[in-house]
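Undergrad: Chain residues, written in single-letter form:
There are 2 protein chains.
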Amino acid sequence: MTRDVVVAAAQMGPIAKADERGAVVDRLLALLREAAARGAGLVVFPELALTTFFPRWVIDDPEELDHYYESEMPGPDTKPLFDEALRLGIGFQLGYAELTSDGHRYNAAILVERDGRIVSTYRKVHVPGHEEPEDWRPFQHLERRYFEPGPEFAAHRAFGGIVASALCNDRRWPETYRVLGLQGVELVMIGYNTPIHYAPDPGQDHLAGFHNNLVMASGAYQNGTWVVGVAKGGEEEGVPSLAESQIIAPSGEVVARALTEGDEVIVAVCDLDRCNDYKTTVFDFARYRLPDRYHRITDQIGAELPPP
Amino acid sequence: MTRDVVVAAAQMGPIAKADERGAVVDRLLALLREAAARGAGLVVFPELALTTFFPRWVIDDPEELDHYYESEMPGPDTKPLFDEALRLGIGFQLGYAELTSDGHRYNAAILVERDGRIVSTYRKVHVPGHEEPEDWRPFQHLERRYFEPGPEFAAHRAFGGIVASALCNDRRWPETYRVLGLQGVELVMIGYNTPIHYAPDPGQDHLAGFHNNLVMASGAYQNGTWVVGVAKGGEEEGVPSLAESQIIAPSGEVVARALTEGDEVIVAVCDLDRCNDYKTTVFDFARYRLPDRYHRITDQIGAELPPP
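Chain order of the listed sequences is A and B.
Residues 766 to 1073 in my numbering are what the first sequence lists, from first letter to last.
Residues 766 to 1073 in my numbering are what the second sequence lists, from first letter to last.
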């Protein structure tokens, strides 16, 4: 038996600070149409896919800051994307900055089914970076200034299987995949913006691509799930960002990978039934997990060292 | 600053069913001496390093079964290894089948310091395989018949840092590394016996080496720890087993790797201070972890699917 979902990862090149929403949505529409033309039933766009990665600046003017957030979804600028997706019968995940009606700010991703139904709005749990500007950095990473952490990782029934969203730094944490794996997830969709230069330890810079694959491939294998990682890559406002979008099978094998750093669609046939190859064997959780040996994972936040 | 520990992984080739303990210990002594000669202060031997991998057979005769277990450590056969290690001033980890004085049976590993002090006896938590013989398999994997799961993952101060043991299937589970990472572990030592043929899903066989590296490299990176994986490899009693012993840095990079499937020593200088490159930055647990979003990891054993 197969349960095929044709999934497209729609990588984007840079979005300049000066780019208008309308122009960005035009790029999204072009990617959407290409994905549909190549047979995809679901297209995954990057994190913060509507604007430049604004946490690289200190923005004190409230009006300027609010301009980067969406207060409705779809809104006037994004409605053409929703309309075209419905017309084409293709679902999508879109990352954006969310400003809720009661004033909360999240790094979010909306997931929309082929029939236009909104499946879920995911709010990024693992918000990286820092709260206050740090002058020694060549550019800032102020996500913790502009976003609060989301409440949960939740899997949903859609696209004929069990699917979930995550964003960027979430992909580095095995907890992300495991919490979703414990909901039977079969497809995890992850948008990211990853500067190649990591100011706190530049010794990691040359490993950015290796780490990107390592965490997604292990998360896939260890939970028997497809993983789709989608970059906003290339040099955006002077900051080179990792591209290397990829679609990874439950075996951990990369089955499709972007070759450019710009707008690029990659497509793979994801048979959700292949998840069972792992979920029912080596990673049969019900048979092999031993949660009482794992209590530190939820009892502790930081490390507690053995006594000297 | 550096905090160097020169670590040797002492891979072993097959141990035949007919091989006497004394002959096996002679091989361990040769590996120990080679490790010491190459400057190692710590040598890691495989899982079940004293006998053939006996869980591949149904053994009903209690006396025959008990023959595979150690009821004291060191015992008469293993004392020469302890004595020679003390003489050379080299510590070691040794995997063996343990029969306790009150009748419990564990897949265990003992860790001994350079001064002969016994640091810890680890009992394997994630016991794989099956309890009852299954005739359709070309060979059995009856670990769950012969071993009960150990009580915990514990890190210890030794070798100038914080170290821990794990065994074989433990390495596939991100919980293993995370529970140890939450104790500040800097070096995880893992012996393994891994048949290349995985009877429940032979489609995984050609990925055995890829998966072996994937899980250890991600565990290293995601916890900022050195990982040493040590095989009993080669064809043992007709069953080809994965070799590919390796020493992995906190970056996830392999810094040493075995090339043969037989008795082979590989050595790497492991600077434990390199762990801080990751523990204090991207994986600063105290700053970035959100355990209340992880509750499923300890609240659930198996998956609980979203409602239909």
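Read the hints as simulated data drawn from the structure, not as lab findings.
For glycine and all other residues, C-beta sits at the position ideal for the given N, C-alpha and C.
Any given hint could be a false lead.
Selected chain B positions facing chain A (Cβ under 8 angstroms, derived; list incomplete) [what the hints assert, rightly or not]:
(1) PRO903
(2) PHE904
(3) ILE1062
Just the calculated beta-carbon pair ranges, DEER-fashion [said to hold, decoys possible]:
(4) B:SER836 / A:ASP970: 49 to 59 angstroms
(5) B:GLU1018 / A:GLN1065: 19 to 29 angstroms
(6) A:PRO903 / B:GLU1018: 23 to 33 angstroms
(7) B:ARG879 / A:LEU972: 27 to 37 angstroms
Undergrad: All hints, please: hold or fail.
TA: The hints, checked one at a time:
| no. | hint | in the structure |
| --- | --- | --- |
| 1 | PRO903 | violated (16 angstroms) |
| 2 | PHE904 | violated (16 angstroms) |
| 3 | ILE1062 | holds (5 angstroms) |
| 4 | B:SER836 / A:ASP970: 49 to 59 angstroms | holds (53 angstroms) |
| 5 | B:GLU1018 / A:GLN1065: 19 to 29 angstroms | holds (28 angstroms) |
| 6 | A:PRO903 / B:GLU1018: 23 to 33 angstroms | holds (25 angstroms) |
| 7 | B:ARG879 / A:LEU972: 27 to 37 angstroms | holds (33 angstroms) |
Hints 1, 2, counting from the list given before, are not met by this structure.
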